[in-house]
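Those protein sequences? They're chains A and B, same order as listed.
Residue numbers 1 to 134, in my numbering, belong to the letters of the first sequence in order.
Residue numbers 1 to 150, in my numbering, belong to the letters of the second sequence in order.
Hints listed in this document are in silico derivations from the structure and should not be mistaken for laboratory results.
It is possible that part of the hints are untrue.
Pair by pair, the computed Cβ-Cβ distance ranges are [claimed, not checked]: (1) A:Pro72 <-> B:Val134: 29 to 39 Å; (2) A:Arg18 <-> B:Asp34: 44 to 54 Å; (3) A:Arg34 <-> B:Lys24: 17 to 27 Å.
Partner residues aside, some chain B positions facing chain A, computed with beta carbon under 8 Å [to be verified]: (4) Thr20; (5) Glu26; (6) Ser50; (7) Gly51; (8) His53; (9) Glu72; (10) Leu86; (11) Arg99; (12) Asn100; (13) Ile108; (14) Val110; (15) Thr112; (16) Gly116; (17) Asp118; (18) His121; (19) Tyr129.
Residues of chain B placed beyond 12 Å of chain A at every Cβ, according to the derived structure [to be verified]: (20) Asp35; (21) Arg37; (22) Arg54; (23) Arg63; (24) Val73; (25) Val134; (26) Arg139; (27) Asp150.
Predicted, not measured: the structure shown is a model, and the values here were computed from it.
Ideal Cβ placement from N, Cα and C applies to all residues, glycine included.
In case you want the letters, here they are:
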Amino acid sequence: MSFFSREGKTTAAPKVYRMLIVDDSNIIRGRIERGQHHAQIEVVGAAANGVQALAMARDLKPDVVTMDITMPEMDGIECVKQILKINPNLLILVVSAMNDQSMVLQALHAGAHGFLGKPFNDASLNRALSELLK
Amino acid sequence: MDAGQIKVFLDGATRYFVETVGSKAEVGSPYLIDDARSVAGEFTGAIGISGRHRGTVYFTADRALLMLLMKEVGEQNMTRENMLDLVGDVANTISGNARNHFGNDFMISVPTLIYGQDALHLPKGIKSYALPVVWKGYRASVIVVIENLD
Numbered sequence: 001m002s003f004f005s006r007e008g009k010t011t012a013a014p015k016v017y018r019m020l021i022v023d024d025s026n027i028i029r030g031r032i033e034r035g036q037h038h039a040q041i042e043v044v045g046a047a048a049n050g051v052q053a054l055a056m057a058r059d060l061k062p063d064v065v066t067m068d069i070t071m072p073e074m075d076g077i078e079c080v081k082q083i084l085k086i087n088p089n090l091l092i093l094v095v096s097a098m099n100d101q102s103m104v105l106q107a108l109h110a111g112a113h114g115f116l117g118k119p120f121n122d123a124s125l126n127r128a129l130s131e132l133l134k
Numbered sequence: 001m002d003a004g005q006i007k008v009f010l011d012g013a014t015r016y017f018v019e020t021v022g023s024k025a026e027v028g029s030p031y032l033i034d035d036a037r038s039v040a041g042e043f044t045g046a047i048g049i050s051g052r053h054r055g056t057v058y059f060t061a062d063r064a065l066l067m068l069l070m071k072e073v074g075e076q077n078m079t080r081e082n083m084l085d086l087v088g089d090v091a092n093t094i095s096g097n098a099r100n101h102f103g104n105d106f107m108i109s110v111p112t113l114i115y116g117q118d119a120l121h122l123p124k125g126i127k128s129y130a131l132p133v134v135w136k137g138y139r140a141s142v143i144v145v146i147e148n149l150d
């Protein structure tokens, strides 16, 4: 299940999108990195919580972020808000098991552009990323 | 918990395997347990529940099932840490999906990871339901220990 909002998208996207993966699960970070096959995406880093994600967003300057919600240190909703202050043009795909309507709306309201519910597989991940980059 | 609420977790366990690896797990009839000894696997992920409900959702499994599941998702680093991470992710996914039934005040914690069959101890004073899962011949369990505070 995935949802998308067009608000806040840039029109002049770079040819290759630098992607940061944010998830407290090493297994999920690995699955997203291995599973994404989008020709325009290059994975540049992976963070295990929101605090790390903010530091890596400053250092690595990603264009795209996949964002977990339930994480230690700083949850994904707060991290979406904070990371957009670093780069308001970031495209953010929230990836979470909490795929109920209220959480999807909360994520989109915070500034995320898409939502991929868990469990996911490579096909649904790549569909969600393609939608995000349209 | 009533039958409809328990079915939420049965469906969640089924959905996890179908969506993640494209093969169905058989989820058996739930039954009450007094302690975890009969169902505990070597690796357990536990998600704390708060809000209008209180309790814990566990996913517990042995090494063989987890190694096969990791292989199916392309994970080659089959360390103890990654196996713990995986049971935590399964428990997180089943618990998070349950919000579609229980509502947005069904709050879930980050996973607590438990290693060793003897280390899994269930809360006292709340009914504990074991939901047996068999995937490709390997057994695991979802354990649901939740009470409604209304």
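**Asked** Given Asp118 of chain B as an interface hint, is the shortest Cβ-Cβ distance to chain A below 8 Å?
**Response** Result: violated, 25 Å to nearest chain A Cβ.
**Request:** May I ask you to test the interface hint for Asn100 of chain B with respect to chain A, counting a Cβ-Cβ separation under 8 Å as satisfied?
**Result:** holds, 5 Å
**Message:** Hint validation: Glu72 of chain B versus chain A, beta carbon distance must be below 8 Å. Holds or violated?
**Reply:** Violated: closest Cβ of chain A sits about 10 Å from Glu72 of chain B, beyond 8 Å.
**Prompt:** Non-interface claim for Asp150 of chain B: all C-beta distances to chain A beyond 12 Å?
**Reply:** holds, 19 Å
**Request:** Identify whether the interface hint at Tyr129 of chain B stands, where standing means a beta carbon of chain A within less than 8 Å of its own.
**Result:** The hint is violated - Tyr129 of chain B has no Cβ within 8 Å of chain A, the shortest such distance being about 20 Å.
**Message:** Next item in the hint list is Glu26 of chain B. Is there a CB on chain A closer than 8 Å to its CB?
**Reply:** For Glu26 of chain B, the interface hint is violated, since the closest Cβ of chain A sits about 17 Å away, which is over 8 Å.
**Prompt:** Would you say Arg54 of chain B is clear of chain A, with no C-beta pair closer than or equal to 12 Å?
**Reply:** holds, 17 Å
**Message:** Please check whether the beta-carbon of Arg63 of chain B is more than 12 Å away from every beta-carbon in chain A.
**Reply:** holds, 15 Å
**Request:** Indicate whether the distance between the beta carbons of Arg34 of chain A and Lys24 of chain B respects the range 17 to 27 Å.
**Result:** At roughly 23 Å between Cβ atoms, Lys24 of chain B and Arg34 of chain A fall inside 17 to 27 Å, so the hint holds.
**Message:** Given a cut of 8 Å on the nearest C-beta pair, is the interface hint for Thr20 of chain B held or broken against chain A?
**Reply:** holds, 5 Å
**Message:** Just to be careful: measuring from the Cβ of Thr112 of chain B to every Cβ in chain A, is the smallest value less than 8 Å?
**Reply:** violated, 11 Å
**Prompt:** Has the hinted range 44 to 54 Å been met by the Cβ atoms of Arg18 of chain A and Asp34 of chain B?
**Reply:** Holds: the Cβ-Cβ distance is about 53 Å, inside 44 to 54 Å.
Consistency with the previously given hints fails for numbers 5, 6, 7, 8, 9, 15, 16, 17, 18, 19, 24, ordered from lowest to highest.
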